[in-house]
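Take a look at the letters that make up each chain.
Number of protein chains: 2
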Amino acid sequence: MDKVIERIRQSASTHRSDLDELLRVPSISSNPENKADMETAAKWLLTRMQKLGIRSEIIPTPGHSIVYGEHLEAEGAPTILVYGHYDVQPVDPLELWDTPPFEPSEREGAVFARGSSDDKGQLLIHLFAAQEILAETGGLPVNLKFLLEGEEEVGSPNLKPFIEANIDKLACDAVVVSDTSFFSRDVPSMLYGLRGLSYVEVIVRGPALDLHSGEFGGAVANPADALARMIAALHDDDRRIAIPGFYDKVRELEGREREAFASLPYDEAAYKKDLGVEALEGEAGFTTLEQLWARPTLEVNGIWGGFSGEGAKTVLPAEAGAKISCRLVPDQNPDEISDLLEKRLRELAPAGVRLEFIRHHGGNPFLAEPDNVFVKAGARAINKAFGKMPVLVRGGGSVPVTETFQSLLGVPCVMMGVGLPDDRLHSPNEKFDLKQFHKGIEAAAWFLHEAGEVK
Amino acid sequence: MDKVIERIRQSASTHRSDLDELLRVPSISSNPENKADMETAAKWLLTRMQKLGIRSEIIPTPGHSIVYGEHLEAEGAPTILVYGHYDVQPVDPLELWDTPPFEPSEREGAVFARGSSDDKGQLLIHLFAAQEILAETGGLPVNLKFLLEGEEEVGSPNLKPFIEANIDKLACDAVVVSDTSFFSRDVPSMLYGLRGLSYVEVIVRGPALDLHSGEFGGAVANPADALARMIAALHDDDRRIAIPGFYDKVRELEGREREAFASLPYDEAAYKKDLGVEALEGEAGFTTLEQLWARPTLEVNGIWGGFSGEGAKTVLPAEAGAKISCRLVPDQNPDEISDLLEKRLRELAPAGVRLEFIRHHGGNPFLAEPDNVFVKAGARAINKAFGKMPVLVRGGGSVPVTETFQSLLGVPCVMMGVGLPDDRLHSPNEKFDLKQFHKGIEAAAWFLHEAGEVK
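Chains as they are written, first to last, in my numbering: chain A, 35 to 489; chain B, 35 to 489.
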């Protein structure tokens with residue numbers, strides 16, 4: 035392994051320029067205009083993997099293609115499936131980017147580009163690790179499969195059917211998912227829990243057309259006002275979610291988890307300063323880390339209605355709408371929560387408006403077994419590369435595939451993400467720290483080595 | 035007068051095509067791109083008036099120009115000042131127009147175009163009345179002044195200073211304002227009261243940038259949610275406005291007014307059907323007409339924040355905003371109400387957000403003396419043209435200049451608007467009924483005749 039690590043270090047600039055190549059492809063899965071770019075990104079990965087002798091293919095789906103590859107020459111050794119996604123989030127508001135989102139720019143020891151941390155940089159870590167081990171040793175210590183999808187940012191609508199239809203093809207002993215972050219730069223961590231997601235769009239329709247707020251104001255329900263009232267009623271004064279049944283299936287935190295979370299270095303003043311807020315706001319009775327990792331939320335992701343241009347327009351809008359999503363914890367179910375939310379919104383709507391709903395993608399919450407041998411192999415790998423054993427934490431985000439892999443393939447998910455909490459996923463100026471990138475490749479190589487020794 | 039009326043009827047098609055000419059000019063005062071169109075509309079009016087022998091001029095202001103004209107040859111007769119505005123509202127949402135807003139289209143006995151009723155059609159009524167009287171008799175029964183502004187839809191910021199600086203030039207015995215509607219097609223009416231306006235934009239800022247709703251949701255105040263809570267708290271369950279002091283100066287309806295309103299034909303079922311709503315919503319304890327004409331309101335004219343595109347984005351928005359306006363009744367003051375609203379919003383804002391305010395134009399409420407001789411002359415004129423004495427009503431909208439004229443020039447305002455309640459002012463498919471247009475010209479001619487006889 036020393037020679038492998040040496041080779042990884044000597045190849046740093048190649049890894050770096052290869053990363054830039056993929057980051058330059060604007061593979062925004064939600065934007066129909068980027069369809070061709072999605073194909074470019076998929077082909078780039080295919081070509082890369084083929085060059086390494088990984089038997090690879092692009093598998094069409096009703097949406098964006100899956101790139102699949104396998105290298106199965108380590109007879110008797112475990113099989114590891116690496117999951118990643120090559121699609122990225124939209125970039126708006128574009129004007130807030132300091133450098134263009136698809137022109138990777140290096141500063142402050144990081145590469146700034148959409149998708150750098152989420153998830154192109156993180157998936158390439160595993161590809162480059164395999165590349166250098168193959169170059170150095172001519173083989174791999176495990177049987178390795180790559181499953182790289184192009185629809186993670188739109189809810190992976192075609193991934194679950196694909197997995198269900200390919201249980202044998204994807205059979206493995208563990209899945210590695212690198213789509214998450216360290217607790218902090220100095221505190222390497224591994225996730226054993228993630229929140230799920232339910233996402234509902236509600237449109238509130240009032241009068242048949244926009245009305246003059248003078249001629250009609252005061253006698254007609256205003257959809258924007260009605261929507262505000264409905265949203266306001268979805269939390270109580272303790273910032274608990276005021277939807278009957280919402281908490282029924284919430285698994286309460288165990289005492290040892292609360293203790294573990296409380297022992298982590300968390301600096302509220304620094305956290306607030308980072309976010310640019312003077313005060314935090316969350317469910318009463320829980321610490322910030324508990325709120326983020328182990329409590330469900332309901333957030334307005336977007337709201338609109340009436341006139342939002344410059345100046346003033348005295349309109350009583352015909353409709354208003356909001357995108358509302360809930361982060362879920364075990365054992366909440368996304369469909370059940372969406373049902374409860376819709377039901378509550380219908381109850382809250384005043385008589386003068388009608389509601390329409392659009393359901394967006396959801397995902398199950400995930401909770402893993404931290405004592406699993408492959409999870410422990412991952413921990414050792416991180417220790418080797420970063421010099422510190424990772425702490426076991428939970429995460430606030432959603433990686434719905436984790437739960438899918440666990441339930442469909444019946445194998446553990448090893449969450450080896452090496453992003454940093456300030457990577458600005460989904461925001462302008464997304465970045466990926468270059469130390470994390472290069473050390474991440476070493477960690478991925480160590481993981482293949484450690485996993486290969488699991489009996 | 036019979037010959038004048040005959041001539042007006044014979045010139046109907048000319049009036050019609052002249053109206054179309056002016057309607058084709060997209061004179062949107064709030065849109066900087068339409069600056070040249072504003073000048074085109076002003077010049078069109080100037081040329082028209084000059085052709086009639088009205089001494090006219092375009093008077094620049096810091097914003098859009100005022101078109102002023104006078105015909106002062108009726109020695110000893112009263113002086114009437116006609117007020118109108120040649121600017122129009124924006125047209126969005128454009129896709130809801132059945133025909134383009136600046137291509138006048140005739141159907142169902144009406145002309146459809148932005149500005150047809152508000153206010154180009156209505157101001158031309160007076161110009162065409164003068165035109166035909168001049169053509170028939172060579173003179174006018176009154177001294178006539180025209181004051182046509184280009185900034186009514188942006189709050190007339192330069193009109194009041196202009197009036198203040200030109201008290202002598204604008205001296206008159208009565209002002210005619212034709213920017214309002216009949217109670218219904220079959221119930222001609224004249225307004226003696228209008229609501230005022232206060233208009234505030236609030237921006238709620240939370241985290242320094244859009245955050246990932248999974249990574250941060252549950253611990254940070256969400257500006258869109260905070261805004262919804264603040265808006266919801268601005269009304270109580272009786273739909274009274276929950277701002278301390280808001281109602282302090284509200285002049286209560288007199289018993290005779292409540293009786294008069296109650297005697298008007300008002301069909302709630304038809305009203306709801308017209309609006310396309312199943313239920314109305316307004317301040318408890320007041321009828322719909324009372325709510326619309328004599329009670330103050332607080333409406334959300336626009337709301338925005340976060341992601342409103344197609345699909346789903348799991349963002350916790352950095353900011354959200356709303357445009358909020360209040361319709362005011364005597365003796366509320368726009369600045370005082372804006373102050374109270376801002377104060378209340380600051381009180382309601384949770385600790386994790388900061389507020390920023392933009393004040394848009396406001397206007398005082400207006401209440402006139404229905405027994406004035408010129409108001410009565412207007413009533414007789416409407417009776418002559420439409421065959422029915424108008425009922426005296428109040429209006430829900432704001433024509434802030436009415437109060438300005440009354441207080442600065444010390445003369446009554448005669449509200450002779452002949453629009454119809456379904457003209458869709460400020461909405462897609464604005465229209466002006468052609469019978470109202472042509473009969474309106476007759477009414478305007480009769481008014482000049484009747485006003486000329488006032489001693």
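Think of the hints as simulated: they come from the structure by calculation, not from any bench.
Ideal Cβ positions, reconstructed from N, Cα and C, are used throughout, including at glycine.
Any given hint could turn out to be false.
[To be verified] The list that follows gives simulated cross-link-like pairs (lysine-lysine, BS3-like), each with its CA atoms no further than 27 Å apart: (1) B:K37 <-> B:K306; (2) B:K37 <-> A:K306; (3) B:K377 <-> A:K377; (4) B:K410 <-> B:K489; (5) B:K422 <-> B:K469.
[To be verified] Pair ranges (Cβ atoms, derived): (6) A:Y281 <-> B:A385: 23 to 31 Å; (7) A:P94 <-> B:K69: 29 to 37 Å; (8) A:D373 <-> B:N367: 45 to 53 Å; (9) A:V488 <-> B:A242: 17 to 25 Å; (10) A:G143 <-> B:L128: 43 to 51 Å.
Honestly, which of those hints from before does the structure not fit?
-> Violated hints (numbers, rising): 1, 2, 3, 7 and 9; every other hint is consistent with the structure.
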